[in-house]
Each structure stands twice: as structure tokens, then as C-alpha cells.
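> Protein chains in written order, with my numbering: chain A, 1 to 851; chain B, 1 to 228.
It should be emphasised that the hints constitute simulated quantities derived from the structure, not laboratory data. Warning: the hint list may mix true and false statements.
Covered stretches of chain B, going by a simulated chain A footprint (3 or more residues, C-beta under 8 Å) [claimed, not checked]:
1. 25-32
2. 70-84
3. 114-123
4. 166-178
In this text, all values refer to a predicted model and were calculated from it rather than measured experimentally. In this text, a Cβ means the ideal position worked out from N, Cα and C, and glycines have one as well.
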Amino acid sequence: MRLLNKASVRYLKQHRLQSVLSLLGVALGVAVVLSIDLAIQSARIGFQVSAETVAGLATHAIQSDRGSIDEDFFTRLKLDLNITEAAPVVEGLVTSTSLPGRTLKILGLDPFSEGPFRPYTSGNSPGLDLNRFITTQGGVILTEELASEGGLTTGDSIVIFSSGVRWALPIVGLFQSEDRLTRSGLSDVLVMDISGAQEVFGMVGALTRIDLRILDSERSYERTIGEITDNLPNGLRLENVGTRSETMAGMIRAFDVNLTALSLLAIVFGMFLIYNSMTFSVVSRRTSFGRLRALGVTRNEILRLILREAFWVGTVGTVIGLALGVFLAQGLIGLITQTINDLYFALSVREISIDTASLLKALTMGIGATVISSLPPALEAAGSTPRAASTRSIIESKTRRVIPMLAWSGLALCLLGWLVLLLPTRSLSVSFISLFAIITGMAAITPLGTVVLIEFVQPILSSFFGTLGSMAARGIRTTLSRTAPAIAALVIAVSVTVGLGIMINSFRGTLINWLDGTLQADIYVSLPGPQASRASGTLSDSLIKDFVSADGVAGYSTYRAVDVIRAEDTYRLVALGLDQRGEGAFDFQSGDSDAIIRDFQLGRGAIVSEPYAYQRQLDVGDSISLAGEKSARSLPILGVFYDYGSEQGTIIVSRDLYNTAYNDDGVTSLGLFLGDSSQSDRVVQDLLDKVPVGREVTVRSNATLRSASLEVFDRTFKVTGVLRLLTFIVAFVGVLSALTALQMERTHELGLLRASGLTPAQLWRLVVGQSGLMGLIAGVLAIPVGILLSVVMINVINKRSFGWSIQMQIDPAVIIQGIALAFFAALLAGIYPAFRMANTSPSVALRRIGE
Amino acid sequence: MIKSGPSVEIINVRKVYPSGDEQRAVLDGASATIRAGERVAILGPSGSGKSTLLNLLSGIDEPDSGTIEINGLDLRSLSENQRTLFRRNQIGFVFQSFNLLPALTVLENLLLPLELIGKTGNEANERARFLLEMVELSKRADSFPDRLSGGEQQRIAIARAVVHEPSLLLADEPTGNLDEDTSHRLMERLEDLLTSGKTTLVVVTHSRDLADRMDRALALDHGGLVEY
Chain A
1 MRLLNKASVR
11 YLKQHRLQSV
21 LSLLGVALGV
31 AVVLSIDLAI
41 QSARIGFQVS
51 AETVAGLATH
61 AIQSDRGSID
71 EDFFTRLKLD
81 LNITEAAPVV
91 EGLVTSTSLP
101 GRTLKILGLD
111 PFSEGPFRPY
121 TSGNSPGLDL
131 NRFITTQGGV
141 ILTEELASEG
151 GLTTGDSIVI
161 FSSGVRWALP
171 IVGLFQSEDR
181 LTRSGLSDVL
191 VMDISGAQEV
201 FGMVGALTRI
211 DLRILDSERS
221 YERTIGEITD
231 NLPNGLRLEN
241 VGTRSETMAG
251 MIRAFDVNLT
261 ALSLLAIVFG
271 MFLIYNSMTF
281 SVVSRRTSFG
291 RLRALGVTRN
301 EILRLILREA
311 FWVGTVGTVI
321 GLALGVFLAQ
331 GLIGLITQTI
341 NDLYFALSVR
351 EISIDTASLL
361 KALTMGIGAT
371 VISSLPPALE
381 AAGSTPRAAS
391 TRSIIESKTR
401 RVIPMLAWSG
411 LALCLLGWLV
421 LLLPTRSLSV
431 SFISLFAIIT
441 GMAAITPLGT
451 VVLIEFVQPI
461 LSSFFGTLGS
471 MAARGIRTTL
481 SRTAPAIAAL
491 VIAVSVTVGL
501 GIMINSFRGT
511 LINWLDGTLQ
521 ADIYVSLPGP
531 QASRASGTLS
541 DSLIKDFVSA
551 DGVAGYSTYR
561 AVDVIRAEDT
571 YRLVALGLDQ
581 RGEGAFDFQS
591 GDSDAIIRDF
601 QLGRGAIVSE
611 PYAYQRQLDV
621 GDSISLAGEK
631 SARSLPILGV
641 FYDYGSEQGT
651 IIVSRDLYNT
661 AYNDDGVTSL
671 GLFLGDSSQS
681 DRVVQDLLDK
691 VPVGREVTVR
701 SNATLRSASL
711 EVFDRTFKVT
721 GVLRLLTFIV
731 AFVGVLSALT
741 ALQMERTHEL
751 GLLRASGLTP
761 AQLWRLVVGQ
771 SGLMGLIAGV
781 LAIPVGILLS
791 VVMINVINKR
801 SFGWSIQMQI
811 DPAVIIQGIA
821 LAFFAALLAG
831 IYPAFRMANT
841 SPSVALRRIG
851 E
Chain B
1 MIKSGPSVEI
11 INVRKVYPSG
21 DEQRAVLDGA
31 SATIRAGERV
41 AILGPSGSGK
51 STLLNLLSGI
61 DEPDSGTIEI
71 NGLDLRSLSE
81 NQRTLFRRNQ
91 IGFVFQSFNL
101 LPALTVLENL
111 LLPLELIGKT
121 GNEANERARF
131 LLEMVELSKR
141 ADSFPDRLSG
151 GEQQRIAIAR
161 AVVHEPSLLL
171 ADEPTGNLDE
181 DTSHRLMERL
191 EDLLTSGKTT
201 LVVVTHSRDL
211 ADRMDRALAL
221 DHGGLVEY
């Protein structure tokens with residue numbers, strides 16, 4: 001059907017603005033989804049490549065929860081158990097003034113044990129002078145790219161900070177590997193001799209892990225594994241290589257699902273937009289389709305014609321979206337890795353990996369969503385008789401008849417979504433499907449809401465603005481086939497913005513309350529580390545001694561944190577030496593706080609955070625295990641406290657209890673209580689003056705730490721904010737497209753009004769006023785929908801994702817912003833058609849043959 | 001394509017439209033027989049159901065009761081798709097409001113019915129251009145319909161209706177927008193185009209002159225068809 005295709009192309013060209021907006025809608029929807037997908041995939045791939053490069057050809061690793069293994073065990077392993085293919089490793093994270101903003105990983109290796117493990121450390125690796133590497137004290141090797149980023153080369157020194165201590169490490173070689181993956185995997189790694197690394201991390205005589213090569217093709221495989229396992233000291237375990245990195249990668253699952261779901265909203269809005277555009281394009285061509293049907297074009301041919309058109313719009317829009325998505329991903333990768341750094345683990349990914357699967361997924365989604373959303377109007381056009389297809393009133397009366405049914409279906413969909421949410425499952429996918437069902441249900445109820453609101457405002461507008469006011473309101477009701485989808489799109493877009501706004505505000509409010517209760521000390525002391533949100537490293541004994549005995553300090557709490565990453569579980573273990581003044585820091589879900597704290601101080605059990613208990617379905621009285629080098633024991637849970645610091649969950653035991661299990665008397669951070677709290681700024685300065693030259697210690701007052709925590713919170717929600725904005729832009733383009741189309745289609749009617757004596761200014765007011773009214777209606781309808789969405793997001797999605805309880809707080813500003821957003825977006829969308837209409841001569845408007 | 005124009009049987013046809021809360025029978029027990037190749041005018045006042053009758057004859061619309069047979073084929077026995085294909089292949093329709101496709105040029109409007117029956121290329125092009133010449137609008141071949149006057153659009157509508165040599169030509173006020181001279185000239189051309197005996201012609205008109213040019217005339221009266 002060459003001529004029919006030609007007519008389609010001409011239609012799209014004639015309605016250029018409409019076509020461009022359609023393409024833009026698809027492109028933006030696809031770009032948002034793809035960019036999130038690429039950014040998250042890149043973060044995952046970056047992490048994976050780095051983990052694999054660092055692990056090399058090791059098959060197993062001996063790990064400890066604390067990341068510290070006595071060096072003697074390695075010797076035993078080699079000599080007593082005759083394990084030849086074993087390599088000791090010391091690794092840790094440092095920051096560098098040579099490369100500001102980068103988190104670097106120091107990989108301390110023993111060149112004599114490395115043979116079978118990491119080819120890039122072998123003697124014949126290009127750029128590596130093994131003799132120099134071994135003989136230079138603290139010498140490091142890094143990739144050429146990393147060195148050039150810091151303007152460094154062989155012979156220079158790279159300045160790093162580890163646990164607050166400054167080190168200048170001489171660069172003894174640059175990796176010149178041909179292998180792109182190896183270079184990428186080592187992009188943030190400094191390789192040094194193991195003894196140097198032990199010094200840097202204050203781990204003399206200890207290892208982070210022991211890498212092993214035990215091939216399962218060997219006949220002695222089972223025996224070797226058994227022997228090692230039998231001889232493992234307390235607190236150590238043998239794991240397959242990759243288990244740890246996989247477990248760590250799994251930590252971002254909820255984060256990934258939430259971002260992906262949010263990005264999918266952009267596609268949903270894109271679909272609304274396409275539905276609107278295609279509905280408009282079909283409705284405005286109903287006469288043409290009627291003529292074609294009368295000439296003998298079959299229903300299937302009309303259906304194919306419209307779907308073909310949608311396919312091409314979808315394809316072109318998607319291709320533009322793919323390019324835009326890759327570009328957008330470059331911007332998002334920084335935000336996403338920053339959030340992963342803040343919330344989960346140190347990660348440094350600077351480039352996006354363009355994954356073919358992600359591209360194909362986005363391509364299919366873009367084209368598929370366009371074609372699917374075009375299906376209802378296409379079926380509508382193809383299904384009507386030649387006579388009905390050309391009669392506008394038939395379409396409108398059909399729409400009016402459908403509205404109550406649509407509202408009932410919407411209500412049923414909402415109820416169904418709600419019922420699914422009540423199912424005893426913690427599946428995030430199920431939760432998001434339910435949320436999408438509720439959103440779609442709400443969209444279906446919108447037309448009825450619109451009719452009800454119009455009934456209400458029409459007399460008011462009539463009394464204030466006369467016939468024009470009445471016309472503006474009635475015009476919305478009489479063209480519901482086009483106004484309803486546009487209003488529904490705006491309602492959903494604004495309600496999602498309102499819902500997210502309420503959720504973020506509630507979360508922030510809850511966090512502020514929590515920080516107020518939790519931060520009981522006047523001054524907090526820790527070491528600067530790669531992750532702003534969590535302290536790491538070990539404070540030196542002398543520093544602790546100096547600080548706790550400083551003038552004005554009346555008491556102190558000590559805090560030791562260990563990130564336990566096991567195949568079967570991941571959590572943070574904290575040993576707390578709690579000062580009496582800090583006993584009010586915990587807000588427990590249930591039970592008598594004083595009694596819980598008393599038992600905790602006496603070492604009768606552990607207290608766990610809400611996410612820990614929720615994700616493992618544990619409660620007070622259940623047991624957890626504490627397995628260290630010294631002993632392994634089971635402890636009862638004394639209480640479950642509210643905590644927003646870690647979604648993986650935290651177990652807190654008293655310092656004394658911890659010391660019975662672990663060979664570790666280190667302190668990660670200190671909380672100092674002053675005799676006079678008002679003196680905290682002075683004491684902070686006094687403490688900083690005590691810090692020896694060449695060392696860095698972070699000393700913060702309660703207020704500073706509080707604002708720093710909120711800063712991290714705001715940063716982690718930056719990516720949500722960007723997505724919220726992008727999603728709204730897609731929805732706005734949809735509304736712009738729908739309203740523009742709607743008003744442009746009224747050319748003839750508006751021409752008649754002009755011919756009847758309406759001035760351009762009056763016409764302008766009519767068109768803009770009607771658009772504004774639609775926006776206002778959308779805004780009003782969006783508020784209850786937004787509140788409902790926030791209830792679901794806070795109580796179900798958030799709880800299932802992170803296990804946090806958030807107290808809902810509805811800020812009136814969010815509501816007002818929502819209504820204003822809808823009103824002004826719609827008003828803006830009305831300006832161009834109003835301008836066009838007001839400047840079109842009535843004779844031209846009347847002469848036009850409506851397509 | 002049938003070799004000779006089909007016979008048309010209208011048997012006791014009733015068609016009702018809603019009018020406010022009531023139902024109004026536009027056609028009520030209309031019956032008539034049109035012989036193969038015959039040229040018949042349908043007369044009647046506005047709103048008497050003339051256009052409805054043409055819609056029913058073309059299969060665009062369906063009667064509420066009664067039968068319409070074209071060459072013995074009951075249109076109601078055909079599926080929607082079959083009726084569409086029947087219309088595409090057998091019927092030419094001059095619509096009162098022309099129904100030209102605004103996204104296609106004048107020439108393309110004429111090529112469309114040919115393309116629908118699978119005729120493309122030079123042969124189709126020559127046929128369309130020939131008809132444009134017949135209706136004296138060769139120079140407007142590349143214009144879009146909204147650039148034509150009402151009379152020009154009507155001539156294009158007539159040319160399009162006959163371009164694929166339909167066996168049954170239905171014309172709804174084909175000269176309604178034309179002055180007397182043009183109307184007269186156009187009808188002569190139309191008659192030239194319709195090779196004698198091969199096309200059955202049903203014309204709805206208000207014009208006595210036009211009716212007089214036909215073999216006979218029927219009138220719609222109170223929903224029924226009577227000889228005029």
C-alpha cells in the first residue's frame with residue numbers, strides 16, 4: 001500500500017510538532033531506562049572486572065570476618081599442609097592527594113608466591129621491573145592511565161592516606177598490559193610488596209586473605225579442601241573465589257531494582273505520550289480512515305497502517321533514545337557510583353560499559369512500548385464502521401459511555417494491586433508490579449474524576465468569566481476522547497512527583513529524628529576514609545589516650561565496626577563500649593529500653609538493627625552467632641533498634657563480649673561526652689591541635705556530624721532527584737503534545753469563533769485558560785493519588801527494599817508544588833496553540849480541511 | 001471484475017436512526033429492482049434517506065431488516081471484510097462531500113482505487129491521467145485537494161469513482177456543486193466513461209435535469225421507494 005504509506009508520512013510531516021514531540025517522548029523514555037541500566041551495569045561490570053583482576057587465577061580464598069589473618073597460618077599452610085599454590089594478600093582502601101576524589105586499592109603481594117596467580121605481576125610482564133619492585137621500600141606499580149591521570153610517572157611518589165597516616169610511595173613501574181580488561185581491572189589499584197602494604201595498613205604479621213589454587217580436576221581436590229577446612233583456625237573460612245565479590249555485588253540489588261523501577265516509569269509516561277499522540281493522530285484522521293474504508297480499505301489494512309506508523313515512530317524515537325541514553329549514562333555513572341560508595345562499598349567506575357544486551361533490551365522496549373500503546377487507538381480506528389469512523393460525535397459518545405466502566409476497571413485494578421501488596425511476599429518485583437497496577441488503575445479513574453470536577457467548576461467559571469469561562473470547561477468535557485488521556489498522563493506524572501517528594505521528605509524527617517536521638521555524644525572522632533558515610537580504620541592507642549583525657553572530656557564511648565561479608569550473609573558487626581551518657585542513643589521497636597541496655601552492657605546478648613531483623617525475619621529472643629578467632633557462641637537478640645545507617649543490617653555487641661570472641665582491641669571511632677556541651681567547638685579545636693603532623697583525624701562536633709550525615713543522605717537521593725526530573729520531563733512532553741494536538745485540532749471551531757467576533761486576545765484567553773484548567777484539574781486529582789503512592793512506597797517498597805520504618809510526613813509545600821507544577825505545565829503547553837490560533841486568520845482556519 | 005453491470009434488488013429494507021430518545025425510520029419497507037446496466041436516479045427531499053440508501057447499496061452501512069442483493073448476492077451474507085473487498089472491487093462511489101484524501105495529491109487520489117485492486121505502474125498512471133484529462137483537471141494533478149475549488153473537487157471525486165471501472169457506480173449528488181453548464185458537460189463525460197451496459201448507475205439527486213438523463217427515476221416517499 002504505497003499510497004497509504006505516503007499519506008502516513010505526509011500526515012506526520014504536516015503535523016511536524018506533534019511528530020517531533022512523539023519522537024521526543026519515545027526517545028526520552030528509552031534514554032532514561034537505558035541510562036540507568038547502563039550506569040548500573042557499568043558499576044557492576046567495573047566492580048566485577050576489578051574483583052576478578054585482583055583475584056587473578058585463584059580458585060579459593062581463606063578469609064576472616066575481620067579481614068585479618070595471622071601470617072603464621074600461611075606458613076603452616078605451606079609447610080605443614082604442603083599447599084604449594086598459595087599466595088598471601090594484604091589489601092585495603094586508601095585516598096590520595098595525588099588523585100583527589102579517587103578511592104584507590106592497595107594490593108600487597110608476595111612476588112615469590114605469585115607465580116600461578118596474577119600474570120601481570122610475573123617477571124615478564126611489560127613495564128614491571130621485579131627487582132626494583134622488591135628492593136624499593138614501599139614501591140608501587142600502577143597502570144599508565146592512572147599515573148597519567150595524576151600527572152605521575154616512574155620515579156615519582158604517590159601520596160596516599162591510610163588510617164589518617166600520610167605515605168609517599170615511590171612509583172617503581174607502570175603496567176603496560178595489552179589486555180584492556182586487565183588495565184580496566186587495575187584502573188584504581190596500586191600493587192606493592194606485601195611487607196610494604198602491611199606497614200601501610202598497620203597489619204604487620206597479618207594478612208587480609210590467602211589466595212589458593214585448588215583445581216577440581218585434580219584427584220586430590222576433595223582431600224585438599226578437607227585438610228584445609230579441618231585445619232582452619234577459629235574465625236577463618238575457605239570460600240570459592242568470587243563468592244565475596246558476588247555477595248558484595250548482590251548488596252546493590254534493592255538499589256538497582258528501585259532505580260530500574262523508577263526509570264521504567266519514564267517508559268510508562270512515554271507510553272502515555274505515544275497513546276495520546278496516536279489517539280490524536282487516529283481521531284484527527286477519523287474522516288480519512290472513514291473515506292478509506294468507504295473506498296474499500298479493510299480493517300486489517302487500517303490496523304496495519306497505524307501500527308506500521310507507530311513502529312517507525314518507535315524505531316526512530318528509540319534510536320535517538322539509545323544515543324541519548326548512552327550520553328545520559330555518562331552523567332549518571334558518577335552519581336550512581338557515589339551512592340554505591342556512600343551506601344554499600346568502595347567503588348571507582350569512571351566509564352560506562354556499553355552492553356549490547358542493554359541496548360537490545362532498550363530497543364525492544366522502546367519499539368514494543370510504542371506499538372503496544374498504539375494498539376488501542378489502532379484497534380479503535382480499524383474496528384469502527386466506515387460511517388462511524390468519520391463521525392466525531394460517535395467517538396465522543398462512545399468515550400462518555402466508557403468512562404464509568406473505565407473507572408470501575410481502574411478501581412478493580414487498584415484493589416487488585418492493593419491485594420497483591422498484602423500477599424505475604426517480600427518480592428520487590430511483585431511490589432513494583434502492584435504499584436504499577438495501582439498507578440494504571442488511578443489513571444483509569446481520572447476521566448471520571450475530570451467529569452465530576454468539571455461539573456463542579458463549570459458554574460463557577462460561568463459566573464466569573466461568562467460564556468467563555470463556561471466554554472473552556474465544557475470544551476474539556478465534550479472532547480474527553482482527547483482531554484482525558486492528557487489529564488491522566490499529567491495526573492500520573494504529578495502524583496509520582498508528589499509521591500516521591502513525600503517519601504523523600506518523610507525519609508529525611510525520620511532520619512533527622514533518628515540522628516537527634518542517636519548522636520548523643522558531643523564530639524565524634526574517626527579516621528578519614530574512602531567512604532564518607534562509614535568510619536573505617538583503627539585509631540591509634542596513643543591518640544585515644546590523648547583524646548579521652550583531654551580537658552573538658554567527661555566520658556567516652558568506643559565503636560569498633562567490622563563489615564562481615566560471607567557467602568550466606570552480609571552485615572555490619574559493631575563492638576560498642578557504651579558510656580552511660582550514651583545509653584539513650586537507641587530507640588527500640590519494643591521492650592523496655594533501660595532493661596535492654598542493662599542486659600546489653602552486661603554482655604547478655606546482642607542488639608540488632610531493624611533492617612537486620614526484618615531481612616532475616618528475626619525478633620527479640622531469637623539467636624545470632626558471634627564467631628571470632630577466640631570463640632564462637634550463640635547470642636540472644638535483646639532488642640531491635642531503629643537504624644538508617646545500613647540496609648544490610650547491624651549487630652551490636654558490648655565491647656567486652658566482642659573481646660571474648662575476637663583478637664581485636666582496635667577502635668574505629670570515638671564518641672566523646674563533654675562536661676559542658678557548649679564548649680564542643682573549643683574542644684574540637686584542642687583535640688585537632690593534639691594530632692601529630694603527618695596524620696589526619698576527623699574530629700567533628702555533634703552538629704557537624706549531623707549535617708554531614710544529612711549531606712550524604714541528600715547525595716544518595718540526588719540520582720532519585722535526577723530521575724524524578726527526567727520522568728517529569730517525559731510526562732511534560734506528553735502533556736505538551738496532547739494539549740497542543742487538542743487545540744490544533746480545534747482550528748475549525750476556533751476559526752468559527754473568530755469569525756463570530758471573538759478577538760485574538762479573547763481566543764488566547766480561552767485556549768490558555770482551558771489548558772490551565774486541565775492542569776488544575778490534573779493537579780487536584782494528583783494529590784490523593786500521590787499520597788496513596790507515597791503510602792505504598794514508604795510502607796511496602798521501602799520496607800521490602802531496605803527494611804526501614806519511615807514515619808510518613810506530608811509537607812504542604814509538596815502538595816502545593818504538585819498542583820502548581822500541573823497547572824503551570826499545562827498552561828505552558830497551551831501557549832503555543834493559543835499563539836497559533838490567535839494569529840491565524842479566521843478565513844484560513846475555516847478553509848482548512850481537517851485531516 | 002464483472003463483464004456487465006449487476007442487477008440490484010432492494011427488498012423490504014428498513015433502516016432506523018436514533019433521534020433524541022426516539023428511533024426514526026429513514027427507510028421503511030423500501031423495495032425496488034434495478035436491472036443490470038440500468039441507469040437510475042433516486043429523488044427525494046432532504047432527509048428522505050437517499051444517502052442512507054446509497055450507503056446500504058455500497059455495504060458501508062447495514063439495513064436493520066430487509067435484503068439488498070447485488071447480482072443475486074445478499075450483502076448481509078458477507079462478512080465485514082468481504083463487504084469491504086466487494087466494495088473495493090465492484091463499486092465506485094461519488095460522495096456528496098467528495099471524500100478526497102487530503103494527504104494525497106489529485107493524481108494519487110485517483111491512483112489509490114487502482115492500487116487497492118492491485119493495479120500499479122504505468123498502466124495505472126496512464127488510466128488516472130486519462131481520467132484527469134476527461135474531467136479537465138490535468139494541470140492540477142500534483143495539487144492537494146484543499147487547493148481546489150468545490151467544483152474541481154467534485155470532478156476529481158467523479159474521476160476517482162470510475163477510475164477502476166466499477167460495475168456499480170453510486171453517485172450522491174454528483175453535480176450538486178456545479179453550475180448548469182459544467183454539470184451538463186460533466187455528465188456527458190461520465191456517460192462516455194461508463195461503457196454502455198457494463199456499469200449499473202444509481203444517482204441520488206435533487207436535479208430533475210440529471211434525473212431526466214437516466215433510464216428511469218425512483219423517488220423516496222415515507223421510507224419507501226416508488227417509481228417517479
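> Take the hints in turn and mark each one as holding or not.
Hint-by-hint comparison with the structure:
A count of 0 residues in the segment 25-32 of chain B with a Cβ less than 8 Å from any Cβ of chain A is obtained; the coverage claim is therefore unmet, three being the minimum. For the segment 70-84 of chain B, the stated coverage by chain A holds: 3 residues have a C-beta nearer than 8 Å to a C-beta of that chain, and at least 3 were required. A count of 3 residues in the segment 114-123 of chain B with a Cβ less than 8 Å from any Cβ of chain A is obtained; the coverage claim is therefore met, three being the minimum. Requiring three or more residues with a Cβ within less than 8 Å of a Cβ of chain A, the coverage given for the segment 166-178 of chain B is violated, as only 0 such residues are present.
The earlier numbered hints that this structure contradicts are 1, 4.
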